[in-house]
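Listed in order, the protein sequences are those of chains V, P and C.
Taking numbering that gives the first Met the number 0, the leading residue of the first sequence gets 0, the next gets one more, and so forth.
Taking numbering that gives the first Met the number 0, the leading residue of the second sequence gets 0, the next gets one more, and so forth.
Taking numbering that gives the first Met the number 0, the leading residue of the third sequence gets 0, the next gets one more, and so forth.
Hint data in this document are derived by calculation from the structure and do not stem from the laboratory.
Be aware that a few hints might be false.
With a straight-line Cα cutoff of 25 Å, these simulated DSS-like cross-link-like pairs (lysine-lysine) come out [stated by the list, open to error]:
hint, chain 1, residue 1, chain 2, residue 2
1, V, Lys153, C, Lys61
2, V, Lys269, P, Lys227
3, C, Lys87, V, Lys214
4, V, Lys269, V, Lys230
5, C, Lys1, P, Lys92
6, C, Lys61, P, Lys92
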Amino acid sequence: MRQLLILSGKGGTGKTTIASAFIKLADARAYADCDVDAPNLHLISDWNVEPIKSDYYGLSKAEINSEMCIGCDQCKQNCRFDAISITNDEYKVDHFACEGCSVCEYVCPVDAILMVPSVDGELTLYSDSGKVFSTAQLKMGSGNSGLLVTEVKKQMRSSAVNAELAIIDGSPGIGCPVIASLNGVDMVLIVAEPSLSGISDMERIIDTAAKFGIKTAVCINKYDTNIENTKKIKDFCEKQELTFVGVIPYDSNAVKAINNGLTIVDIECKSGTAVKEVYNKTIDLLFEESIN
Amino acid sequence: MAAEATDMKIAVLSGKGGTGKTLVTVNLAAAAKTATYIDCDVEEPNGHLFFKPEGITEEKVTVKIPMADEELCSGCRKCVNFCKFNALAYTNKLIVFDEICHSCGGCILICPEKALTEKDKVIGTVQKGTSGNVSVYTGIMNVGEASGVPIIKKLLEPENQEADKMTVIDCPPGSACIVMESIKDADYCILVAEPTLFGVHNLNMVYELVTLFKKPFGVVLNKCLDGKNPAETFCIENNIKILGRIPFDNELGTLNSNAEIAVNESEKYRELFSVLLQTVTKEVQSCGSC
Amino acid sequence: MKIAIPVDNKTLDTNICASFGRAPYFLVYDTETKESAFIENTAATSPGGAGIKAAQMIVDNKAAALLTPRCGQNAADVLNAAGIKIYKTIAGSAQDNIDAFTDGKLSLLDDFHAGFHGRRSN
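Isolated chain V (complex conformation) (with noise of 0.2 Å):
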């Protein structure tokens, strides 16, 4: 199974609205939101049935037994995140502050203090007929979301039966949950966005991306926004020897799919024209065997 993932950098280009275009030109039988935080996936796509729903746990997080607490404050001392504080004379733990390091705990002398799993998101993943979706959402205010994203990731490998082709919407920034969505997949394509922003965002992923080796293409969304920036990016690709697999314009018809819940193929408009285009070109660099 050939894993292809979609990234930007900077939020807002249009991951989603072309990854949801990729799953339905390709009738991928296999594909991902990783974007944990905030998913979107799953509101265009067509499921009739229920999905299964599993509870994810991340570090375990401190709880203060007010009844054993003797009030000795070595607790909220050797808290490095400000995470506990007294409260009409009880000290207590804040649930979104607390990192899980269990130093309170070690340090507590009269064990007041225990360790408590915590449930940090939700794994959801709808399965028929051998097509798989896989997705998940983090509960706000937890961090480290990496671990969340390696399980939506592994949700849809063991159950996509017979699947070529695994799409994978992932997520802005360059951080923890881009660096673990990165992981294991054969080739990553970037949606830019030709606005200054989105060119110093793109560069910032693209240097993330490179430290994985991991074949990389480029597209632009909504070029016809700036077409000097537009050049700006293609002359970067060029130079950066990365390939470029073409362009998608500005189309508030894209806007009014999305809002009917449909894919911008689903329609006929210009966006869902071009990036049939960067579609086929991307597959192919896919599939495309390594001349070595």
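Model the placement of chains P and C on the given structure of chain V, informed by the hints.
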């Protein structure tokens, strides 16, 4: 222009990327007589591209990482077993994995031989500069680091908030712990929403977040087109104050994509953002001690 | 000598697990006594640093070599520090790879992917 509420701290956030946080934050700061702009999107900071600040001074942000004195280390492995993040390993000496370490200090405390001390490691920088009437603070996280939270803590240090100056905070997208850190001390939150199905879904997430943190807030609808606006519907259904509407406009799009500050280049947008600033100021004043 | 292999199931004809750090089990095989032991990988459910913790387990089980399809840089750092050699597995079961190893047919793994926190490979 109405008098601005001095000292107010406004955080601008959105669940989804690309809705216009930086557009709104940058232009609000520029529309004010004087302001401080803080870019907390440390993974992908963009505000500095618009402000092009001058006179930049830089401060490194460090975290503490343990290091072992091999003479004192007895190889008991208590530190390795304690570390909840698996940042330590022991073969014939202690190995520390800097980027995984959360700097909790636990291993230092637990070592029975007192063989561990701490050294500083740079994870990013905070740059300070000025652009016209705006003090610009930019947080930049080095690629590969585990958490941007220490950089945000440095950015939001009270010393950086100058007296008699409004502060606007450009937050990272999403609602994870890094966003929570950015809004912790804000007096008021502006949620930026785009009129798409995805936008509303993610607006809901930050709506829950600001409600949980009991922050007063309002919504700015961006990229407004004709036709139904699911984000507007969401606000009406939930009794959320709509602070303003920014139309989808090629002129604004072009200015923005060239990293130009709209209020400086267009009278129409100077007017729009000044009005928005007045509206927000009134909201902050009316909500009393927030 | 003992060799370790990340596996999906507790049998010798099992598949090799695609991931080292998050494999459900490790097979520890003694090439002299021909005994095999399966140990549960407690690193699999760690939110972070799984490769490091898994590598520590291999060190603690006194394996002289690890056979794996892939390995992260962080795990490799631990294994290298302990002098444990890392070999690239071939397609087939755990038994197939044990045989290939004893016949000297496996090559050393030389490309390590960056850890989840971006450390460059040397």
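A quick look at each hint next to the structure:
| no. | hint | in the structure |
| --- | --- | --- |
| 1 | V/Lys153 with C/Lys61 | violated, 30 Å |
| 2 | V/Lys269 with P/Lys227 | holds, 22 Å |
| 3 | C/Lys87 with V/Lys214 | holds, 21 Å |
| 4 | V/Lys269 with V/Lys230 | holds, 20 Å |
| 5 | C/Lys1 with P/Lys92 | holds, 22 Å |
| 6 | C/Lys61 with P/Lys92 | holds, 16 Å |
Hint violations for this structure: number 1 only, all remaining hints satisfied.
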